[in-house]
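There are 2 protein chains.
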Amino acid sequence: MTAIDELLGHNADYAAAFGKGELPSAPSKRLAVVTCMDARIVPLRALGLEEGDAHVIRNAGGVVTDDVIRSLTVSQRKLRTIEVMVVMHTRCGMHGLADAEFRDEVQADAGQRPPWSSGGFPDLEQAVREGAARLRTSPFLPHTDQVRGFVYEVETGRLREVV
Amino acid sequence: MTAIDELLGHNADYAAAFGKGELPSAPSKRLAVVTCMDARIVPLRALGLEEGDAHVIRNAGGVVTDDVIRSLTVSQRKLRTIEVMVVMHTRCGMHGLADAEFRDEVQADAGQRPPWSSGGFPDLEQAVREGAARLRTSPFLPHTDQVRGFVYEVETGRLREVV
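Chains as they are written, first to last, in our numbering: chain A, 1 to 163; chain B, 1001 to 1163.
Just so you know, these hints were derived from the structure itself, not from any lab. Quantities reported herein were computed from a predicted structural model and do not represent experimental measurements. Any given hint could turn out to be false.
[As the list claims (entries may be wrong)] Computed cross-link-like contacts, SDA-like style, restricted to lysine to any residue with a CA-CA straight-line distance of at most 25 angstroms: (1) B/Lys1078 with A/Lys78; (2) A/Lys78 with B/Pro1114; (3) B/Lys1020 with A/Lys78; (4) A/Lys78 with A/Ser138; (5) B/Lys1078 with B/Arg1103; (6) A/Lys20 with A/Thr2; (7) A/Lys78 with B/Asp1066; (8) A/Lys78 with A/Pro24; (9) A/Lys78 with A/Pro114; (10) A/Lys78 with B/Leu1079; (11) B/Lys1078 with A/Asp99; (12) A/Lys78 with A/Asp66; (13) A/Lys78 with B/Glu1101; (14) B/Lys1020 with B/Pro1114.
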């Protein structure tokens, strides 16, 4: 049995007990969370985010890429969110990943160079500050006064505010 | 009190009860899930994904953008995942969003045109097929034989396999 098959079993149980009907598409807390894809981060548990509460945007690192700006532009302009929480974390695989080396490695194996940066960063707190700054200065986001940046400690489960 | 302040309260409770120590960074199920940022999708509940199980990559739509390919390249090459599940959903705000109109609207308000596509799509099942196809043919992903695509029904909680 594959991992996906196992998850389909969980989903069948969930659907069988599904009693909430259709929730609104606009997040009730008017919040979007940007965080890393890391398997150890479970927003329902770590942040108490229930169904319908908030948009959750995740990629390798929780770095503020153009795709994150795109998603937040949709989130704020079409679905009325106003707050943004950027959550990067300790022990992240992107922390210390050297961009040129990673792309060299992919190129050596794939026969072509990735057209995107790896997203690696040398300093965690600085990366949070840069992500928040990128959001605060984005011309595409109508709401940039409630952008806050955090480090999540995978060792303790604790969020620490950076900016 | 802002929504973020409320979440910080939840996190303090979570951290106080945090007993799992530090989990490994590599997902135990060797799986990455690509899905929409939609507030109604809670992977822990809908898929039974516990801490440490899987990477979760989310953006507006669950569309396979370059940033998703970047994240999956890191996921497979650095953290040993091999399966990929693409989960788009019914009642998605990106379903039927016309790209040119959305960019016109942003341009009219922001004074400059976004350099990225909106990610809108006209047909849901077709968008899932295209996302899966983009992953299966990516030169950067070493594992493309276990890519499966689904529609999640926000009305019922049920996953339906498309491809």
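Checklist entry - Which of the numbered hints above does this structure break? => result When the structure is compared with the hints, numbers 1, 3, 5, 6, 9, 10 and 14 turn out to be violated.
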